[in-house]
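Q: Assemble the whole structure, with the sequences as input and the hints as a guide.
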Amino acid sequence: MGLRTRENPLAALAALSALLVAAAIALIFFYVPTDADQGFSQRIFYIHVPVALTAYACFGWGAWKALRHLWKREPGADLESYVAIHQGVIFGSLTLLTGSLWAKISWGHWWLWSESQLVLFLVLFLFYGAYFMLRYSVEPGPARANMCAVYALFGVVLIPISFLAIRLANQLIHPVVFTLQGPQMSGSMFLTFCVSLAAMLTLAATLFHIELAGKRIDSRLRELRELLA
Amino acid sequence: MILGITAAEKYVAAAYGVVFIVVLVYVLIIGLKLGRLERELDELTGRVRERRETEAERHEEVPVG
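As you go down the protein sequences, you meet chains A and B in turn. Plus 23 on top of the position in the first sequence (first one is 1) and you've got this note's numbering. Plus 572 on top of the position in the second sequence (first one is 1) and you've got this note's numbering.
Please keep in mind that the hints were generated in silico from the structure rather than gathered at the bench. Any given hint might turn out to be false.
[Unchecked claim] Calculated lysine-lysine pairs in the DSS-like style (CA-CA distance at most 25 angstroms, straight line):
#1 A:Lys127 with B:Lys605
#2 A:Lys238 with A:Lys95
#3 A:Lys238 with B:Lys582
[Said to hold, decoys possible] Rough simulated footprint, nothing fancy, chain B against chain A, three-plus residues with beta-carbon under 8 angstroms:
#4 62-74
#5 206-219
#6 234-245
Each residue gets a CB set at the ideal place from its N, CA and C atoms; glycine is no exception.
A: So this is what it looks like as structure tokens:
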């Protein structure tokens, strides 16, 4: 087992993410105390916020790989940027779904257009959703890779705006937990949050590597098919 | 309240359930894609094998001397 995981880092990453997800679920449902203000529904926080931060991380990673493609002409960076943005869109849609459920039980609404944090996240999500329209409307090749890289880099500007919007807005319904004074929660809640965030990040990294491996095999098979034709 | 489950519990279950289902669907899609890649690989392996056999037969047919 040890040798196998050393030879296959993806298997080790998958095992780590499974372990962290199990630990996070155990902490969320059997360890962390129920919030005095929101009650049981506050437990959505431990999935919603880590998923949202993971979406930001995926978009950021996609933009970093796009920059590597444009700057260093790193081979495979375009594909990595595409897969990272795909992961970001998956985690982004999960953020919107879990957020809507939390909003309904806490505020009585599925969505509030007056909340800049929500609207900016939706803009970010739609912006990266449109990335796929661009990618699949252009023939594969260096021109497509360059266009997609520039688009991915433009989108990354929306991440700090989306993150800071909640802190800059005057009318707040969306809670602010992380302030300049540190996390506004108890130690056990913060520990649970950290484990949950680590679980989501490792899960995203595992899915990223699985999808990337699939895409690479696919392109090599296409190459092989052309060689044999 | 249905079956002693509160509204908060239902929403929490829905939030975690939706994440679980999306990950499951993702794994299913990857699984289907792996199946397709396996079939393509089998087809290409068959083609290479066929080509090698044809070449071997051609070598055998060449008269020596």
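Q: Each of the hints needs a verdict: does it hold here or not?
A: Evaluation of the provided hints:
Taking the CA atoms of A:Lys127 and B:Lys605, the gap is near 36 angstroms; set against the 25 angstroms cutoff, the hint is violated. The straight-line distance between the Cα atoms of A:Lys238 and A:Lys95 is roughly 22 angstroms, inside the 25 angstroms bound, and the hint therefore holds. With a C-alpha separation of about 38 angstroms, the suggested pair A:Lys238 and B:Lys582 falls outside the 25 angstroms cut-off, and the hint is violated. Coverage of the segment 62-74 of chain A by chain B holds in this model, with 8 residues showing a Cβ closer than 8 angstroms to a Cβ of that chain against a need of three.
Against chain B, the segment 206-219 of chain A contributes 0 residues with a C-beta closer than 8 angstroms to a partner C-beta. That does not satisfy the three-residue criterion, and the hint is violated. Here's how the segment 234-245 of chain A fares: 5 of its residues keep a CB closer than 8 angstroms to some CB of chain B, so the rule of at least three is met and the hint holds.
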